[in-house]
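Knowing the structure of chain A, use the given hints to seat chain B on it.
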Amino acid sequence: MNKMSWPGKIGVNLLAWLVSILMFFPIFWLILSSFKTNALAAAREPAFIFSPTMASYVNALVNSNYWHYALNSVYTAVGSTLLCVVLGVPAAYSMAFRRSKRTDFTLLWMLSTKMLPAVGVLVPIYIVYKNLHLLDSALGLTLIYTAMNLPIVVWLLYTYFKDVPGEILEAAEIDGASLVDNIVRIVTPLALPGIISTGLLAIVLAWNEAFWAINITNVHGATLSVFVSGFKSARGQFWANMSAASTLSVLPILVAGWFTQRQLVRGLTFGAVK
Amino acid sequence: MAVVELSNVGKRYPGAESLAVEDFNLTSEDGEFVVLVGPSGCGKTTTMRMIAGLEEHTEGAIKIGGRDVTGVAPKDRDIAMVFQSYALYPHMTVRDNMAFSLKLKKYAKSDIKKRVDDAAAVLGIEPLLDRKPRALSGGQRQRVALGRAIVRQPQVFLMDEPLSNLDAKLRVDMRAEIVKLHRKLGVTTFYVTHDQTEAMTMGQRIAVMKDGLVQQIDSPNTLYQHPANLFVAGFIGTPSMNFLTAEVSDNGQALSGPDFQLATDGPRRSVLADHGQTQVWAGIRPEHLHLSDSESADNRMQGQVEVVEPLGAMTMIQVLIGDTRVTAQIKPHQMVAMGDTVTLGCPSDKLYLFDKDSEMTLHGIDIGQSDAH
Numbered sequence: 001m002n003k004m005s006w007p008g009k010i011g012v013n014l015l016a017w018l019v020s021i022l023m024f025f026p027i028f029w030l031i032l033s034s035f036k037t038n039a040l041a042a043a044r045e046p047a048f049i050f051s052p053t054m055a056s057y058v059n060a061l062v063n064s065n066y067w068h069y070a071l072n073s074v075y076t077a078v079g080s081t082l083l084c085v086v087l088g089v090p091a092a093y094s095m096a097f098r099r100s101k102r103t104d105f106t107l108l109w110m111l112s113t114k115m116l117p118a119v120g121v122l123v124p125i126y127i128v129y130k131n132l133h134l135l136d137s138a139l140g141l142t143l144i145y146t147a148m149n150l151p152i153v154v155w156l157l158y159t160y161f162k163d164v165p166g167e168i169l170e171a172a173e174i175d176g177a178s179l180v181d182n183i184v185r186i187v188t189p190l191a192l193p194g195i196i197s198t199g200l201l202a203i204v205l206a207w208n209e210a211f212w213a214i215n216i217t218n219v220h221g222a223t224l225s226v227f228v229s230g231f232k233s234a235r236g237q238f239w240a241n242m243s244a245a246s247t248l249s250v251l252p253i254l255v256a257g258w259f260t261q262r263q264l265v266r267g268l269t270f271g272a273v274k
Numbered sequence: 275m276a277v278v279e280l281s282n283v284g285k286r287y288p289g290a291e292s293l294a295v296e297d298f299n300l301t302s303e304d305g306e307f308v309v310l311v312g313p314s315g316c317g318k319t320t321t322m323r324m325i326a327g328l329e330e331h332t333e334g335a336i337k338i339g340g341r342d343v344t345g346v347a348p349k350d351r352d353i354a355m356v357f358q359s360y361a362l363y364p365h366m367t368v369r370d371n372m373a374f375s376l377k378l379k380k381y382a383k384s385d386i387k388k389r390v391d392d393a394a395a396v397l398g399i400e401p402l403l404d405r406k407p408r409a410l411s412g413g414q415r416q417r418v419a420l421g422r423a424i425v426r427q428p429q430v431f432l433m434d435e436p437l438s439n440l441d442a443k444l445r446v447d448m449r450a451e452i453v454k455l456h457r458k459l460g461v462t463t464f465y466v467t468h469d470q471t472e473a474m475t476m477g478q479r480i481a482v483m484k485d486g487l488v489q490q491i492d493s494p495n496t497l498y499q500h501p502a503n504l505f506v507a508g509f510i511g512t513p514s515m516n517f518l519t520a521e522v523s524d525n526g527q528a529l530s531g532p533d534f535q536l537a538t539d540g541p542r543r544s545v546l547a548d549h550g551q552t553q554v555w556a557g558i559r560p561e562h563l564h565l566s567d568s569e570s571a572d573n574r575m576q577g578q579v580e581v582v583e584p585l586g587a588m589t590m591i592q593v594l595i596g597d598t599r600v601t602a603q604i605k606p607h608q609m610v611a612m613g614d615t616v617t618l619g620c621p622s623d624k625l626y627l628f629d630k631d632s633e634m635t636l637h638g639i640d641i642g643q644s645d646a647h
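Protein chains in written order, with this note's numbering: chain A, 1 to 274; chain B, 275 to 647.
Isolated chain A, as found in the complex:
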C-alpha cells in the first residue's frame, strides 16, 4: 500500500470518502429532519437550508414521555447484557478450557438458534408470557434479550478465552487456584477487553431491538423502539417528530460507543497484537 502512486492514493481516498458519505447520509438526514417542521420534513422537495426549530425535541422530551421509554431501554439493554455476561463467562470458560466431544456441536447449535426467524416463536412466547404475566414488562423483555444475545456472547467470549494460554491456567491450578479463582482472578482480567467489547455489542443489539419490544410491550415495559414507532400513527406520519425521537434514541448509544471506541477496537483486535 505504501508504494501506491499518487493518482492511486487519491482514488482510494475518494472511494473511502464516498463510502463514508453514503453510510453516514441517512443519519445526517435524520438529524437534519429532526430540526424541521413536520410539514417541511414530509415535503417532496428535500430541503437542506431552512430555519431550524426545536419543536420536535420539545414534543419528544416534554409531551411524549421520552424518559420513561429511555429508562426502559437502559433497564433492558444493561440488564440483559449483565445477565448474558454472568451466564456467558462460565459457559465460554468450559467450552474453551474443559472441552468435550460435544463442545463444537454445542457452539454450532447455539449459533444455529440465531438462524431461526424470531417471528417463528412469537406466538408461543406471547402465550407463555401472558400466563406468566410478563407481557408489557421490562423484565420480560430483558429475559428475551438475554436469550437472544446469549449465543453471540458465549461465542465471542469463547474466541477471546481461547487466546488465554492454557499454561497460565495450569500454573494457577498448581498455585492452588480453584475453578472460581481461575475464572475470576485469571481468565476474566486477561480477557477483560474482549468481555467489555462483547458487552458493548450486546448492549447495542438489545438497545436497537424493535421486533420483540413492539410485539410484547406496549407502555409499561416499552423501550425507545416502541416510542419511535409510535410516531407512525393512524393520524399520519409525523416525520420531524419521529426524526427527533429517533435521534434521541440513537444518541445515548452513539455517545457511549464514542467513549468506548478505544476499548471496542482493542477488544476486537485482542489476540492479534499479543
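Reference excerpt, derived from the structure (chain B facing chain A, CB under 7 Å, subset only):
#	residue
1	L328
2	K349
3	F374
4	S375
Just so you know, the hints here were simulated from the structure itself, not pulled from any lab data.
Beta carbons are placed, not taken as given, at the ideal position from N, Cα and C, and that holds for glycine.
Coordinates of chain B only, in the frame set by chain A:
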C-alpha cells in the same frame, strides 16, 4: 524435600491404541536433580505432567514423599512447576505473580512479603518486583517463574524445558544458575529437556526416553561411557556417535565393511565370539577418531572428506566411508581439505558394539570403555 517414586507408571490417552508413556520406574533420591530427556514426543513432558497431577496416570503408582498421589489435585501435591512459556500472569506485577499461591493459601500479609522478598533476593530480581511481566526480558521472566516456584517452598520442583525460550548465551548462564539454586535449596527437582547438553550438565541422574519408553536411567558419565543401546549412544554426546554396519570375521578378531577394517581387543573379541552373529553395529565417537597416515594400521577407515568445519579449538570433518557419513574430531592444525582422501584410525578399546536387530549393547557392565580420552 521428598522422594518421588514412580512405579510402572503409564499413560493411555482415551481412545489411543498405544501408551504415551509405558512402564516408567524411577525412585529419586531426596534432593536429587533428575533430568528427563528425549526427542519430542517421547513422553517426557507427559511424565512430568503426571507427577504434577495436570494429567492423571492410567497405570502404576506415583508417590511423593511416601504418599500415593493418585487422584490428588495438583495444588495438594506440594509441588511447584516452571513452564516452558513461563506462564506468568500477565495482568499481575512480579510481586503479585510470586505471591499468588501464598495469597490463595491465606498466608499473613507480612509472611507473604517476607517470602517474596527472600525469593527475590535469591534470584536478584528485587528491582523488578513492581513491574508487569511484559516489561521484562526473557531472562528476567525466567527468573520470576523460578521465583514463583521457590516462594512456595515445595517438596518437589518440576521444570518443563524452562530454558528453551532463551537465547544460547543466556541459556548457558541460567543453566548454571539453576544448578546453583538447586544446590542451595536442596529440593528434589525433575527437569524436562530435549537438549542432551542441558541434561548432561545439569542432571545428577538422567532418564533417556524414546517413544514413551525409558531407554536408560543413569548418571551423565555412565550414559556416555556405557550406553545401553544404539539410541542412547546416538543421543548422548555431541556430535553424535558414528554407527557402521560391520561384518564379524575371524571369530570376532576383526570387523569390516566397505572401506573400513577394525581390529578388536580382547574383551570385545570374546563378546563377539559369544554373540555369534555375523553382523553387528559398530559405534565410534567422533572424539575417538583420529587421522592416521599408516595404511597398514589395524584400525583404519578410508574415505573422501565431504565437509570441513573448523571450530577453533578443534576441527570437525565428515568423511564418507562406504555409504556412511562419519564425523571425526581432529586437531585444528591438521590441514584437511574437502575432497581429500583420508585414513581415520580408532583405538580398539573405544569401539562400541550393538546387536544388529535389537540395537542393544553387546557389552556387559564389566567390559566398559576406558575412561581416558
